[in-house]
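Peer 1: Those sequence lines, one after another, are chains A and B. Number 382 in my numbering belongs to position 382 of the first sequence; there are no gaps in the numbering. Number 544 in my numbering belongs to position 129 of the second sequence; there are no gaps in the numbering.
Treat the hints as calculated values from the structure; they're not laboratory data. Backbone N, C-alpha and C define an ideal beta-carbon position, used for all residues, glycine too. Fair warning: there could be bad hints in the mix.
Below, in silico cross-link-like pairs of lysine-lysine (DSS-like), each with a Cα-Cα straight-line distance of 25 Å or less [what the hints assert, rightly or not]:
1. Lys-38/A <-> Lys-510/B
2. Lys-510/B <-> Lys-130/A
3. Lys-346/A <-> Lys-133/A
4. Lys-64/A <-> Lys-706/B
5. Lys-261/A <-> Lys-379/A
6. Lys-706/B <-> Lys-132/A
7. Lys-365/A <-> Lys-300/A
8. Lys-311/A <-> Lys-52/A
9. Lys-33/A <-> Lys-379/A
10. Lys-109/A <-> Lys-706/B
11. Lys-52/A <-> Lys-706/B
12. Lys-33/A <-> Lys-132/A
13. Lys-345/A <-> Lys-261/A
14. Lys-133/A <-> Lys-365/A
15. Lys-381/A <-> Lys-311/A
16. Lys-180/A <-> Lys-196/A
17. Lys-33/A <-> Lys-180/A
18. Lys-64/A <-> Lys-365/A
With the Cβ distance kept under 7 Å, some of the chain A side facing chain B (calculated, not the full set) [to be verified]:
19. Ser-48
20. Pro-94
21. Thr-99
22. Lys-100
23. Ser-119
24. Leu-123
25. Ala-124
26. Asn-127
27. Lys-130
Covered, in the sense of this in silico footprint (three residues per stretch, anywhere, with C-beta under 8 Å from a C-beta of chain A), are these stretches of chain B [to be verified]:
28. 641-650
29. 660-667
Listed below are the residues making up each chain.
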Amino acid sequence: MRTKSTVALASAMSASLLLAACGGGGPSAGGGKISDDKIVLAVLNDQSGVYKDVSGPNSVEAVKMAVEDFKAKHGDKAVTTNIEVVTADHQNKPDIANTKAQELYDRQKADIILDVPTSSAALAVANQAKTKKKMYINIGAGTTALTNDNCNKYTFHWAYDAYMLAHGTGKTVTENGGKKWNVVYPDYAFGQDMTKAFSAQVEAAGGSIGQKIPTPFPNDNFATFITKANSDQPDVIGTMHAGGDLINFVKQYNQAGLTGKTKLAVGLMFITDIHSLGADAFQGTQFTDAWYWNMDEQNKAWADKFMAKTKTRPSFAHAANYSAAMNYLETVQEAGTDTADEVVKKLEGKKINDFFLRNGEVRAKDHRVIHDVYLAEVKKKADVAEEWDYEKIVATIPAAEAFKQVDKSTCNMGS
Amino acid sequence: MSDHLVQTTHVETAASASPERRLPPALRWAGLVLALIVVLALPMMIYPPVAMDILAWGLLAISVDLLLGYTGLLSFGHAAFWGASAYATGLIAIKTGLPFPVAVLGGALVAMLLAVPTGWLAVRRTGIYFAMVTLAFGQMLFFLANWARDLTGGENGLQGIPKTFFGSVVETDPFFFYYAALPLLLLGAWIAWRTVHSPFGRVLMAIRDNPARARALGYNVEKYKIMVFVISAGLAGLAGGVFSVSHGFASLQELIWTTSGKAVLITVLGGIGTLWGGPIGAAIVVMLEDKLASSGFEGIGIITGLIFVICVLAFRKGIWGTAADLIARTRTRQEHKRDIS
Numbered sequence: 001m002r003t004k005s006t007v008a009l010a011s012a013m014s015a016s017l018l019l020a021a022c023g024g025g026g027p028s029a030g031g032g033k034i035s036d037d038k039i040v041l042a043v044l045n046d047q048s049g050v051y052k053d054v055s056g057p058n059s060v061e062a063v064k065m066a067v068e069d070f071k072a073k074h075g076d077k078a079v080t081t082n083i084e085v086v087t088a089d090h091q092n093k094p095d096i097a098n099t100k101a102q103e104l105y106d107r108q109k110a111d112i113i114l115d116v117p118t119s120s121a122a123l124a125v126a127n128q129a130k131t132k133k134k135m136y137i138n139i140g141a142g143t144t145a146l147t148n149d150n151c152n153k154y155t156f157h158w159a160y161d162a163y164m165l166a167h168g169t170g171k172t173v174t175e176n177g178g179k180k181w182n183v184v185y186p187d188y189a190f191g192q193d194m195t196k197a198f199s200a201q202v203e204a205a206g207g208s209i210g211q212k213i214p215t216p217f218p219n220d221n222f223a224t225f226i227t228k229a230n231s232d233q234p235d236v237i238g239t240m241h242a243g244g245d246l247i248n249f250v251k252q253y254n255q256a257g258l259t260g261k262t263k264l265a266v267g268l269m270f271i272t273d274i275h276s277l278g279a280d281a282f283q284g285t286q287f288t289d290a291w292y293w294n295m296d297e298q299n300k301a302w303a304d305k306f307m308a309k310t311k312t313r314p315s316f317a318h319a320a321n322y323s324a325a326m327n328y329l330e331t332v333q334e335a336g337t338d339t340a341d342e343v344v345k346k347l348e349g350k351k352i353n354d355f356f357l358r359n360g361e362v363r364a365k366d367h368r369v370i371h372d373v374y375l376a377e378v379k380k381k382a383d384v385a386e387e388w389d390y391e392k393i394v395a396t397i398p399a400a401e402a403f404k405q406v407d408k409s410t411c412n413m414g415s
Numbered sequence: 416m417s418d419h420l421v422q423t424t425h426v427e428t429a430a431s432a433s434p435e436r437r438l439p440p441a442l443r444w445a446g447l448v449l450a451l452i453v454v455l456a457l458p459m460m461i462y463p464p465v466a467m468d469i470l471a472w473g474l475l476a477i478s479v480d481l482l483l484g485y486t487g488l489l490s491f492g493h494a495a496f497w498g499a500s501a502y503a504t505g506l507i508a509i510k511t512g513l514p515f516p517v518a519v520l521g522g523a524l525v526a527m528l529l530a531v532p533t534g535w536l537a538v539r540r541t542g543i544y545f546a547m548v549t550l551a552f553g554q555m556l557f558f559l560a561n562w563a564r565d566l567t568g569g570e571n572g573l574q575g576i577p578k579t580f581f582g583s584v585v586e587t588d589p590f591f592f593y594y595a596a597l598p599l600l601l602l603g604a605w606i607a608w609r610t611v612h613s614p615f616g617r618v619l620m621a622i623r624d625n626p627a628r629a630r631a632l633g634y635n636v637e638k639y640k641i642m643v644f645v646i647s648a649g650l651a652g653l654a655g656g657v658f659s660v661s662h663g664f665a666s667l668q669e670l671i672w673t674t675s676g677k678a679v680l681i682t683v684l685g686g687i688g689t690l691w692g693g694p695i696g697a698a699i700v701v702m703l704e705d706k707l708a709s710s711g712f713e714g715i716g717i718i719t720g721l722i723f724v725i726c727v728l729a730f731r732k733g734i735w736g737t738a739a740d741l742i743a744r745t746r747t748r749q750e751h752k753r754d755i756s
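So here's chain B without its partners, still in its complex pose (with noise of 0.2 Å):
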């Protein structure tokens, strides 16, 4: 038998199986809702533009929890579409000057694009194999952008992104800015939500859950994963594009490879294979990120580094990964009670 055909992903998830199932109906619309209403009074609470940092790295963390929590691959190059999008974005809005939803879907449809080849290759190893494919391919994007300096603007750049929208508040208030590109990225969280809850998110974590079983029955476990990941692209292209808009312009901070770091640390502060882990993970880390910038302290790497290994040590399964479990874990006694007496 071949190799790859026993492998099995060591992943850790907090959803083995399912885990829409572990929460009743009625807590998961209660869930939503608060969710929707803190999306929306945040702006109110912190700066804007912080804000919205928030959830466009939310949203990243998402499109690496689509892969790692979901179909058990762990996806080291993410910078690669967030970054590309940032840039086709940016360009698209310069060069054209559409409205800003318009350019950063587009730039969503070119990491999409990207994602194809990538995809391709990357999906025929897993684990350690699949990691290192996906870095190379966006260090090979780092250096391509830093090399295309007439288009990219190089260590300078591409600055002077505007925020077009219909001549509206919208292009100077970083305030409605953030009820403007939400939009965007709820409809990035949407799908992401769609396909895991979909004969399709099925089949992924079966093949997360044992591929050569998946195979046996049918499933050609290399096109779901090229869909899966294209997808991912997608998402992080999304999220990329208002990044970029809200920011003014796109830097090659966004596809150097730390970048797919703090993604992939901040899915599993948050905890991987729940979704809602990543806009968790994202507040705590953007949030601790522009708190420490202001507080003098020198050692910022240390805090943000101290917090993922005591996260990593104690809470396995991420921050929303270890409440869902609590919360699951006292129903299922008050069950127990319930029958028992």
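Chain A with its partners taken away, still in its complex shape (with noise of 0.2 Å):
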């Protein structure tokens, strides 16, 4: 009987030590004009995993730098010039990342949340945006989904998606005279919706597609999949597959002797692939970039800028964070309060012209930031000059056509 007192005695300690924390906690609401006198930016992405060199810590160190940039220009006048950068890796898991977000916006106190690559992640961290009412801004990963079934008012979507990068190249490539395509994919989702999107644009560009060949994911031998995606002789092959599917395929096509005879179209690809592969591997294929740091001077020069702090080449993850960070600030200031409602309404179709948003719009109804993209090939090694110096740019893209139209997409805000 003396066991089952205790129980008692300590669940009704507990209980009473449950009551008693209680009391305090729930989130601060509004109050000052700028909350808890400070802006903090919070950066959620890979920085241990296979995401890490496309975005990863030097996107921190690209925000650090928009930080430095927006004192810099606005001095005594800045809204404040308490702004601090937080960062959490996410490992790309969905779990972590949402339970990170959960404690950035909290116990960390972030006004907006950054980047967050892999789609299931970023879904999640949308919710926690839209239950705490908080900014988010969207760069890494590619789901239209964000912008559509998903969509909220605190979330935007900045850089690129897969309705882009399919629209970009499906089309562009077509009308400059490939009409015949084949297209491998790996059979999940991102791959499927890459197809789809892919064909429609082709179709709607004139061209047709044979084959719509599946392989496996993750897959290592495309060997098969390449020589039946040849054997009809298409003037394109396209490929949906990304990261390190993509690295294998494109060594087998090689390998198989179709460099320079069949043309190339990747559906998703990153200047780090380039890299870790080299140009020649890659010459001549083609692919749609959200920004390219050596197309002109201005990119070139901010380039730089980030060349001095990281040692290393910027891809549009990191330029497309450094806009986000910077124009989110920005719109702080315009607006004099980093309250999210406030800034939100300030950023809902707002034009921005910036190195990295050229003729950029934020949609109102879903969040997307449209902006040019282009059609980037990448250069024989012969006509490589420094290094990360791979690309060609094809043609530029227009913001208007480049992102699914507004009027398409299933967004509903509701209030």
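Mind docking these for me? Both chains are given alone in their own frames, and the hints should help you get the complex.
Peer 2: Below is the structure:
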């Protein structure tokens, strides 16, 4: 009997402890113009896994650069000079991203979360932003769900998405003479979506897709798929693979001796992919890029500043992180407050022209940030003038065409 | 004599005979009360969503331990049950709007139903073959979930799982959600404890130590193994359901084989054949992941891997196993002294 009463006593004690602890807490709302007298920008991305080089720690550096530039620009007139950059590594796991996002908003008083690659993680964070009524600008993830079915008032999508990639490459390559296509894609949601979007674009531009060849995901051996894709002599072979699979695919495409014979178009490629395999492996490959550091003087100037900090050239994700952070701070400056609702109101419909966003606009209806994007071709090895100088811009796709038309978006933000 | 009759498992456990007899009842009750207080106070000491994760992973580790420590079966596919329940719970919660505990119980039921055919196939083998069959099944579910995107959302995950709970504060505040979900996990832990400390559990341990003799004594070894496999899957399902409701989504991460690996790692770290080891291992692994994520350190895998290697080399019986051993040893020494004097 004694043991039973001990249990009862212990639970009673714990229960009273519990009640005592509940008194405090609760999110602190509004108050001053700048919450907690500081602006906190949080970068949540992959700092140890596959997306480390594409974005990762150097995106944190880019955001810090934006903060410095903002302070230098506004000096004493800045709405506050107390600006903090915090970061967390989500390791590409959506559950960690989800917990960290809550922690960043609640505990570290983050006013905005930036980046977040991996679509499941990105969508989880979007839900947190909606619940906590705090801002979130996604850069690293490609899922169009962020600006369609899963859109919300506090979430913006800055740099690219799957539609943009498919549209840019599919349409432009076809218009430039690649009429007959075969597409090889990994058989999961991203690959299927990309293939669907690609087909629509290629057919709209007067081309045709002969074969759509699914491959397992992930996969190492693409030899049979490449042979099959080349069997009816297409003008272009499109691949929707990404990351490690893409690198394997391209290696085997070269080994099959197709380089220079059948054009290769890639769905999603980052400059870091080219860097890891070398320009000669990819030469002639066409893909859509959201931004390229060596495109003109303006980009180059920023890339040089970035290089001085990080000893490497920026990917488009780095530039986009800077751009998103900078424009967020500018909007806070305009609004005179960092209250999310006010900033969102100012940001919606805003037209922006900076080194990253050319002819940019933050669409009010679905929070898709549109801007000019580019069809790029990987240079021949002989033409590469310096390290990271891998791309030649073939065509500019104007902002209005580059992204999914706003009236086709299924986004419904409610209030 | 056929091969599998003489085969014994080579799993080293902290409890070679009957673990619960090592500590005196008073100490065991004190331990239980202490554990309960720690569990109740946990979300005041650490961030509530992280506390919830610890308990969910802890129960998953307990479910693995039930097989690994008490039956001698290494399951390398428990992500299948954890993940299947995560998705099932999510779908039930989204489609029906029932309170979340009902959804979680539904999810656990789905996991148990899945475990019947899997267990039926897998228990015919032991050791590495058993691990491979469970792993294969887990991967099968992973690809199925990836493919059935209309239902699961593919790699976007099943998003927006509600924490429906009679419109109370539980739905919005993770601190209160913790206490609302706690009974489900405690129920799971209690079921595991009851299973081990019952005649049924004795038979399991007999099977673990010597399957041939258990069979000779007239026990239907396969049937017992299937039963414990289904119970274990149910516990993994409970944990997975709570996990997905707590996070508000279920993703492919829940089904991938590394999740099974993490569950085994937690179990071994905490100590196999102890039940208590699971939550302790989970606390270490989850908090480590959480702290390292904010540390700016780039090699998270290196740290967790290193700790695991050290544990396996230095504390073969895991953290709890080693601790329990030490307590037991001091006690026997004291008893010896008393006997002499």
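Peer 1: Quickly compare the C-alpha distance for Lys-365/A and Lys-300/A to 25 Å and report which way the hint goes.
Peer 2: Violated, at about 33 Å.
Peer 1: According to a criterion of three or more residues whose C-beta lies within less than 8 Å of a C-beta of chain A, is the region 641-650 of chain B covered?
Peer 2: violated (count 0)
Peer 1: Take a quick look at whether Lys-33/A and Lys-379/A sit within 25 Å of each other, Cα to Cα.
Peer 2: violated (50 Å)
Peer 1: Next pair to validate is Lys-510/B with Lys-130/A; report whether the Cα-Cα distance is within 25 Å.
Peer 2: holds (21 Å)
Peer 1: Just to be careful: measuring from the Cβ of Lys-100/A to every Cβ in chain B, is the smallest value less than 7 Å?
Peer 2: holds (6 Å)
Peer 1: Compare the distance between the alpha carbons of Lys-345/A and Lys-261/A with 25 Å, and conclude whether the hinted pair is satisfied.
Peer 2: violated (52 Å)
Peer 1: Okay, the region 660-667 of chain B and chain A, do three or more residues pass the C-beta test at under 8 Å?
Peer 2: holds (count 5)
Peer 1: Are Lys-64/A and Lys-365/A close enough, with their CA atoms no more than 25 Å apart?
Peer 2: Roughly 30 Å separates the two Cα atoms, so the pair is violated.
Peer 1: If you draw a straight line from the CA of Lys-38/A to the CA of Lys-510/B, is it 25 Å or shorter?
Peer 2: violated (42 Å)
Peer 1: Measuring from the C-beta of Ser-119/A to each C-beta in chain B, is the shortest one below 7 Å?
Peer 2: Cβ of Ser-119/A sits 5 Å from chain B, so the hint holds.
Peer 1: Any CB of chain B closer than 7 Å to the CB of Asn-127/A?
Peer 2: holds (6 Å)
Peer 1: Does the alpha-carbon distance linking Lys-33/A and Lys-180/A stay inside the 25 Å limit?
Peer 2: The hint is violated at about 58 Å.
In this structure, the earlier hints numbered 1, 7, 9, 13, 17, 18, 27, 28 are contradicted, and the remaining ones agree with it.
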